Each structure stands twice: as structure tokens, then as C-alpha cells.
Amino acid sequence: MGCEDLIVVTGGAGFIARCVVRELNLKNITRIVLFDKYDALTLQNLENLRGLSFSSLESSETLEAFLETEKDQIKCVIHLGANSSTTGTDARDYLENNYELSKLLVDFCLEEKIRFIYASSASIYGDSAQEFDDDPKKFAENRPLNLYAWSKYLFDQYIYENGLENSVLGLRLFNVFGQDRSKGDMQCIVTKAFDKILLKKKMEIFDVESSRDFVFVKDVARFIVESIHKPSYGIVNFGSGKATTFKEVCEMVYEAMEQSPYFEEISIPAQLMGKYQYYTRSNNNRLTEMLKKHRYNFSFTPLRDAIKDTVVELKGLLCI
Numbered sequence: 340m341g342c343e344d345l346i347v348v349t350g351g352a353g354f355i356a357r358c359v360v361r362e363l364n365l366k367n368i369t370r371i372v373l374f375d376k377y378d379a380l381t382l383q384n385l386e387n388l389r390g391l392s393f394s395s396l397e398s399s400e401t402l403e404a405f406l407e408t409e410k411d412q413i414k415c416v417i418h419l420g421a422n423s424s425t426t427g428t429d430a431r432d433y434l435e436n437n438y439e440l441s442k443l444l445v446d447f448c449l450e451e452k453i454r455f456i457y458a459s460s461a462s463i464y465g466d467s468a469q470e471f472d473d474d475p476k477k478f479a480e481n482r483p484l485n486l487y488a489w490s491k492y493l494f495d496q497y498i499y500e501n502g503l504e505n506s507v508l509g510l511r512l513f514n515v516f517g518q519d520r521s522k523g524d525m526q527c528i529v530t531k532a533f534d535k536i537l538l539k540k541k542m543e544i545f546d547v548e549s550s551r552d553f554v555f556v557k558d559v560a561r562f563i564v565e566s567i568h569k570p571s572y573g574i575v576n577f578g579s580g581k582a583t584t585f586k587e588v589c590e591m592v593y594e595a596m597e598q599s600p601y602f603e604e605i606s607i608p609a610q611l612m613g614k615y616q617y618y619t620r621s622n623n624n625r626l627t628e629m630l631k632k633h634r635y636n637f638s639f640t641p642l643r644d645a646i647k648d649t650v651v652e653l654k655g656l657l658c659i
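In the numbering used here, each number is its position in the sequence shown, counted from 1, plus 339.
Bear in mind the hints are in silico, worked out from the structure with no lab data behind them. Fair warning: this is a prediction, and the values are worked out from it, not measured in the lab. Backbone N, C-alpha and C fix where the C-beta goes; we use that ideal spot for every residue, glycine too.
Distance ranges between label pairs, derived from CB positions:
1. E470 <-> Q496: 17 to 27 Å
2. A430 <-> S599: 42 to 52 Å
3. S638 <-> R431: 38 to 48 Å
4. E450 <-> R643: 38 to 48 Å
5. V651 <-> Q496: 35 to 45 Å
6. L365 <-> R643: 15 to 25 Å
7. Q412 <-> F602: 51 to 61 Å
8. L382 <-> G655: 21 to 31 Å
9. E500 <-> K540: 47 to 57 Å
Cut-off 30 Å, straight-line C-alpha distance, at most; resulting in silico cross-link-like pairs (DSS-like, lysine-lysine):
10. K647 <-> K541
11. K414 <-> K452
12. K366 <-> K631
Turn these sequences into a full structure, and let the hints guide you.
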């Protein structure tokens, strides 16, 4: 990757984008333009950008004009921006931000022959019984459970129905975790557990047995950056391939903080009833084929090691 490549990252002040920019910087890539909404959440998240090298942070409202002006310079668009709340009720917001904007970006990139990498979501599987299979032939079997999931489903469908799958790279992300102070109420279980333990409070977990596929944000970033110059295409699952209970994850956080576990079981909140995935596990068959075919230098970080890394980062923030 040349040092003059221009990389565009949407959702630029967010959780995953921070790690992508850091990974690009490690490869001496600093010609990066970030786009995000100029709203209260973005202002709160500016701390994410501390210590990173990039050209500028711009308002999402200027994205379309910027692309047209700089299209001859852009090597890749990494589309991470989205309304990621799973409990929202404003359908127009989800459709405009997660669907319409995504369509605009992919159409532009393919017209201008610009690499397009985007974040899909394992939420599109919902409570379907097809074992989280990313085979395009099984796409119609999926049953999204909330507006966020439906907005992601619709864009994946747009890719399939318009024959674009072999021209883009979409990562169907499972439960991404790491140091995610930027996500407010949507913080991952590791950050939430850290805060509870720090305050010597009990960790509340649902009284129903639920397991998720947890994937480390730094693994997501490493894969995205390595993919910029790989001829890898399609929409593929991106998770560890293992399901872990929330209680087990919390126990690893307690271990990393050298504290004794302290739990209380609670009922699942009413707003999550009927909208909650009780089990996820990535079927990585197609991802594994992609890694081998294109000779990626990639492997997933063991969960316990990733949690320890996250705890170290969270502790570091206490000293700032």
C-alpha cells in the first residue's frame, strides 16, 4: 500500500474506525479522511481520535461532494458508519443512514472502480434456524428482529439482487468488543463489566442462558486493512466461530482485573423481548476459504487474551 493512497472511512469517530485508523497508521498510512455526523455523540467520541494520524474529520453532510471532487485520488472507502442501536424506533433514520447512504456509496465506488469494504451485521440472522450460514442461496431464510437488523438486511439484499457480491467486500460482524467508550448504552459486555467491577458492584446478567460469538475489534481492523489490496469479494461472516456465554466473558474480565466474580441474575428487559438474539456463532467456512485463497496473514486473537488487552486499555484511560 503506497503512502499516497487516500482512504475514506465513514463512522470515523467511532469504535471500529479508531482501530482501523490505528492499523493504517502502523503501515505508515496517514492520508485518511474520516466522515461522521457532527452531533453530540461524535463530539463525545473525539477522544477516540487522540494519538491518531489522519488528514481530517469531515461532516457526513459533505461526503457526497468530497467523493466527487477527490474520486481520482481515493483508493478505498471503508464504510463503518451506521445507526447501530438495536432498540431504536425511528425507521426513517435507519433507512436513510444505514440503507440509502450505503447504496449511494457502493454505487459510486463501483462506478469509479474504488475498493468498497463495508460492515454488515450478524443481526440479520435474527432467530432464523439456518445456523448462521452466509451462503447467498440461504439469505432469504433470515429473520431480522429489529430495525437495525432490517436496515442491514436490506443493504445486503441490494448487493445480492444487483449482482454486486463479486465486486465488494462485506463483513457480517458478530459481537465486536474492545475498548468502546464511544458507544454509550451500546457498549460491549467487557466494558460494562469493567465499570461494574471497578465500582465493586455486582454484574447483572440475564436469567436466560444466552451465548454470543465475540470478535475482537483489533482483529476486525487488521482484517479490513489487509483486505484493501486483496482481491477478496463477497459478504462473509466475521466472527471467532465460537459461542461463549455472557457469564463466561464476565468471569474472564474479573480474572483480568484480579477480582472475585459477583453476579446477580435479572430478567431480560421488556424492550429486548422479541428483539434479542439468544445465540450466535459464526459459520466461518467461506471466510476460511477466503483466507486461504488470498493468502491472508491473519488469525483470530484468543478470547481470554483479547479481554486482557481490553482491560489494560480501559485501565490506561483511568490515568489520562
